[in-house]
Amino acid sequence: MDWTFRGDQPIYAQLISRIKQGIVSGDLPPGSRLPSVRDLATEAGVNPNTMQRALQELEREGMVYSQRTAGRFVTEDVHLIEGAKRAFAAEHIRVFLEGMGKLGYGRGEILALLQEEKEDAHGNSGM
Amino acid sequence: MAILECKNLSKHYGKVAALEGVDLSIEPGRVVGLLGPNGSGKTTFIKLVNGLLTPTAGEVFIEGAKPGPASKALVAYLPDRDFLADWMTVEQQIRFFADFYKDFDPEKAREMMARLGIDPAQRFKTLSKGTREKVQLILVMSRKARLYLLDEPIGGVDPATRDFILDTIIRNYNPEAAVIISTHLISDVESVLDEVIFLKEGRVLLHEAADSIRETQGTSVDRYFREVFKC
Chain F
20 MDWTFRGDQP IYAQLISRIK QGIVSGDLPP GSRLPSVRDL ATEAGVNPNT MQRALQELER
80 EGMVYSQRTA GRFVTEDVHL IEGAKRAFAA EHIRVFLEGM GKLGYGRGEI LALLQEEKED
140 AHGNSGM
Chain G
103 MAILECKNLS KHYGKVAALE GVDLSIEPGR VVGLLGPNGS GKTTFIKLVN GLLTPTAGEV
163 FIEGAKPGPA SKALVAYLPD RDFLADWMTV EQQIRFFADF YKDFDPEKAR EMMARLGIDP
223 AQRFKTLSKG TREKVQLILV MSRKARLYLL DEPIGGVDPA TRDFILDTII RNYNPEAAVI
283 ISTHLISDVE SVLDEVIFLK EGRVLLHEAA DSIRETQGTS VDRYFREVFK C
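Line order of the protein sequences matches chains F and G.
With the first sequence counted from 1, adding 19 to any position gets you our numbering.
With the second sequence counted from 1, adding 102 to any position gets you our numbering.
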């Protein structure tokens with residue numbers, strides 16, 4: 020995972036988002052065991068307390084759960100994971116539409132451009 | 103109980119106040135950035151805490167006790183300059199530390215030196231500046247102390263060495279111990295800090311959680327520092 024941080028957001032919030040992305044992308048599969056707080060903190064180059072806070076928040080949201088002796092695991096609730104994925108997608112779309120709006124594109128033009136892009140991709144990659 | 107507590111801690115040199123009325127307390131398990139421009143009192147503060155200086159006014163307590171032989175057994179101090187006898191070899195220094203400090207783990211130190219490819223038979227004075235800094239940090243971090251005072255641990259080292267130093271601090275994290283890192287290179291250490299203390303002209307300007315600064319100011323601690331200390 021990529022662990023670079025933006026300055027304008029709390030690090031724990033960025034950690035939550037990064038780990039969630041790992042879960043929805045399947046890098047961290049449902050039911051898999053997470054590394055220890057210390058190992059995750061070392062990998063990310065962050066304070067272990069900050070990592071702990073992020074994991075506790077993910078636990079509160081149900082994305083991960085802990086078993087007292089065995090450690091922390093990714094949820095097996097695929098609906099929850101799908102929901103998180105949709106939330107990421109909605110955010111990407113919002114940012115995209117906002118950017119296109121600033122360029123002066125309306126919804127119809129955006130859809131046309133996307134369609135064109137899709138055809139290009141088909142043509143270029145031979146998919 | 104707080105590991106470190108300061109009450110109205112002040113140090114004057116003649117008419118110059120190097121530190122003035124510092125009140126603060128540091129809890130175990132915290133990694134604290136002591137941040138301030140050159141001459142803001144960072145080193146003076148650290149020297150008062152480990153008993154190298156005596157306060158002009160006010161008090162400092164380490165686990166409830168004033169600085170002295172008992173507190174020195176609890177405090178691991180990395181000065182901002184070379185502090186080891188340079189004619190010794192790295193291995194001799196490891197043994198020297200083992201003689202001095204009950205909480206020193208020589209195997210841990212040897213293992214970290216080996217990981218960095220530092221030859222224990224080499225004399226300290228023949229090492230490069232960066233390697234000397236690594237050796238000193240390894241010795242200090244190989245103690246199982248309650249309070250680590252690191253004075254400018256990342257000043258003047260290359261980015262790879264800086265990463266090693268920060269990595270070592272995270273790896274050695276102990277919920278029973280507190281770490282104070284003094285520096286003006288804030289962006290480099292930001293992500294490992296729980297709390298930050300801004301020192302300005304010997305006074306505490308701010309003592310806050312690092313993430314809470316990012317949350318309330320909407321900017322990194324580094325950017326915020328630059329705003330506060332704009333010349």
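Be careful, since some hints might not be right.
Partial list, derived from the structure: chain F residues whose beta carbon lies under 8 Å from chain G [stated by the list, open to error]:
no.	residue
1	S51
2	Q86
3	M119
Looking from chain G toward chain F, a few residues come up when the C-beta cut is under 10 Å (computed) [claimed, not checked]:
no.	residue
4	P261
5	A262
6	T263
7	L268
8	E292
9	S293
10	L295
11	S314
12	I315
13	E317
14	S322
15	E329
16	V330
17	F331
I should point out that these hints are in silico values taken from the structure, not numbers from a laboratory.
Cβ atoms here follow ideal geometry from the backbone N, Cα and C, with glycine treated the same way.
For each hint, the structure was consulted:
For the restraint placing S51 of chain F at the interface with chain G, the shortest Cβ-Cβ distance is roughly 23 Å, beyond the 8 Å limit, so the hint is violated. The restraint placing Q86 of chain F at the interface with chain G is violated, with a minimum CB-CB distance near 21 Å, outside the 8 Å limit. Using the Cβ-Cβ criterion of 8 Å, the hint placing M119 of chain F at the interface with chain G is not satisfied: the shortest such distance is roughly 25 Å. Evaluation of the P261 of chain G hint against chain F yields a violated restraint, the C-beta minimum of about 12 Å exceeding 10 Å.
The interface hint given for A262 of chain G is broken, as the beta carbon of that residue sits about 13 Å from the closest beta carbon of chain F, more than 10 Å. With its C-beta approaching chain F no nearer than about 14 Å, T263 of chain G sits outside the 10 Å limit, and its interface hint is violated. Contact between L268 of chain G and chain F, as hinted, is supported at the beta carbon level, the nearest pair being about 6 Å apart and thus within 10 Å. Here the hint on E292 of chain G is kept, as its CB sits about 8 Å from the closest CB of chain F, short of 10 Å.
With its C-beta approaching chain F no nearer than about 5 Å, S293 of chain G sits inside the 10 Å limit, and its interface hint holds. With a cut of 10 Å, the hint placing L295 of chain G at the interface with chain F holds, because the nearest CB-to-CB distance is about 6 Å. At about 8 Å, the closest approach between the beta carbon of S314 of chain G and any beta carbon in chain F falls short of 10 Å, and the interface hint on this residue holds. Checking I315 of chain G against chain F: minimum C-beta separation of about 9 Å stays under 10 Å; hint holds.
Satisfaction of the interface hint for E317 of chain G is found here, the shortest Cβ-Cβ separation to chain F being roughly 5 Å, below the 10 Å cut-off. Checking S322 of chain G against chain F by beta carbon gives a least distance of about 3 Å; that is within 10 Å, so the hint holds. Proximity of E329 of chain G to chain F is violated relative to the hint, the smallest CB-CB distance being about 12 Å (cut-off 10 Å). Annotation: interface hint on V330 of chain G violated; nearest CB of chain F at approximately 15 Å, more than 10 Å.
The beta carbon of F331 of chain G comes no nearer than 16 Å to any beta carbon in chain F, farther than 10 Å, and the hint placing it at the interface is violated.
Checked against the numbered hints given earlier, this structure breaks hints 1, 2, 3, 4, 5, 6, 15, 16 and 17; the rest are met.
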